[in-house]
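Asker: Protein chains in written order, with the working numbering: chain X, 1 to 279; chain V, 1 to 285.
Heads up, some of the hints might be wrong.
Stated by the list, open to error - Over 10 Å on every C-beta distance to chain V, these chain X residues come out as not near it, computed from the model: (1) 48; (2) 51; (3) 109; (4) 113; (5) 157; (6) 170.
Said to hold, decoys possible - With a straight-line Cα cutoff of 25 Å, these simulated PhoX-like cross-link-like pairs (lysine-lysine) come out: (7) X/222 with X/121; (8) X/145 with X/121; (9) X/222 with X/263; (10) X/213 with X/268; (11) X/127 with V/55; (12) X/127 with X/145; (13) X/121 with X/213; (14) V/180 with X/145; (15) X/121 with V/55; (16) X/127 with X/222; (17) X/168 with X/213; (18) X/166 with X/145; (19) X/127 with V/178; (20) X/121 with V/180; (21) X/121 with X/166.
Said to hold, decoys possible - Selected chain V positions facing chain X (in silico; Cβ < 7 Å): (22) 174; (23) 176; (24) 189; (25) 243; (26) 246.
Since the hints were made in silico from the structure, they are not lab data.
We treat Cβ as the ideally placed atom computed from N, Cα and C, and that holds for glycine.
Here is what each chain is made of, one letter per residue.
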Amino acid sequence: MSSSSDSELTVGKPHERPRSHAGAGVRLAAAPPKMRSVNLNFYYGAFQALHDISLDFHTNRITALIGPSGCGKSTFLRTLNRIHETVRHTRVEGRILLDSEDIFQVETTTLRRRIGMVFQKSNPFPKSIADNVAYGPRVNGVRRKTDVEEVVERSLRRAALWEEVKDKLRESAYALSGGQQQRLCIARALAVDPEVLLLDEPCSALDPIATAKIEDLLFDLKDQCTIVIVTHNMQQAARVADYTGFFLLGRLVEFNTTEVIFKTPARKETEDYITGRFG
Amino acid sequence: MSLRNRWRKFLNVFMLAMTGVCAVAAVSILFLILGYLAWNGWRSLDWNFFTRLPKPPGELGGGMANAIVGSAQIVLLATLIGAPVGFFGGVYLSEFGGRGFSFVVRYVADLLNGVPSIVIGILAWTVVVVPLHRFSALAGALALGLMLIPITMRQTEQFLRDVPQSMREGALALGASKWKMIATVVVPAAMRGIATGMILGVARIAGETAPLLFTSLNNQFWSSGWNQPTASLPVMIFSHAIAPYEDWHRQAWAAGLVLLLLVLLANVAARFILSRGISAQRGYL
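Full structure from sequences and hints, please.
Answerer: And the structure:
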């Protein structure tokens, strides 16, 4: 992989030269990739939603996936922890590697403990705040009360929610505001100490202040896990991400450092999208 | 105003009046029945009704204590038979069922729901009463339990389906296995609704007469066991109402009122539980 000496331009044509593309990612990164997608195709029944996606997610970096609605970025994200398997008639070809292990060879329960996910619409369970955060540790066998309390506090602190909820841990999660509910869902995902955190447009239903809080949070979390965020909001991608991938019509058009994507994109489609000429 | 407009206006008022009259008619028939039952029942109801056994024909007084306890026994056993089967069947339909088999199960459940209750009684008579050579509370409970299965199953399925898919994904994304996700997130989220459905189902079978006529039969005394003929309120009403004794008619009215009040109580309880459940969920949605 490291033998690659491709120019930026080849990075921008992954579907034409997918193999060279992964190598370029390594050259840009400080550490080896945490996750890799290799020639991934995705089908809803007969419809092919993703075409030959190859891309690397670098350890302790934030990668943003951008693109217009229906471009397949969420579909791609949902294959990374195999949550797409809850939908009937979906099929995947190609490989996804987590620390060079094929995720399709791992038990989904084990896999999803290592790869956490935060959804577009906050989805707290109809339980108390504490029970929401404790859910993951509990299904993973943490039973001792002191251990559970400890992980609840630590996770809420990591999600920057502790100060706001520490006096009402036994109250319903639905009593929280939208932004707080989404941070609760992040705390819930962090409670199982995931190595990778997937976020599917986590701020699309939030106001700018709540959005800023979550973006700050992502910066802080970067030291502890590898983050992949799907977003509609290009400013958000520019603000938080180290790497950005641009999706269009089920293909990865261009993938590079965020700076390159936003300042000197190699492909015309990318430039058109980020300058707002379409999408 | 043109003729055409007048005609339109007349038609509008006429149709509005007709729908109103029909609505009032429907409700007033119900209230007529309830009122008549309450009036007659209340006059006949006394403390003895809850504490005494029925008196032989010709003697005045007595009560239906045995029928109240018998009904409770039969309905309890029927719930133990029908509710678990219906509940787990509903979980299967909502969470596991594929297209083909689920369709068949759902269709059969709806058919079973529509089978005349006396036919269910004949079934219980054939499989319990005939082999054991005796009428019994068990046979009655089986008949009512069979009726409860499709009601509970379809209700459970419906309430589980109403749980947003995002909850399931949320639990799975944390590494929960499918059964754990169902047991710890989906079923608790739907529990109020499921409990409500069960209460209404139990209230419905508690008033059934036909399935009990030749299964648990009737008994003028305390039943001596699950395998013995057992009195129940609906059958007691039936037997007392067709008897040629004035005092028995009085008792039948009282029994009708008690049964009605019990069913009404169950309905109110169910609505109370459900309304609280909905308001709790609205906070989320």
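Asker: If you check each hint against the structure, which ones fail?
Answerer: 3, 4, 8, 10, 11, 15, 16, 25 and 26
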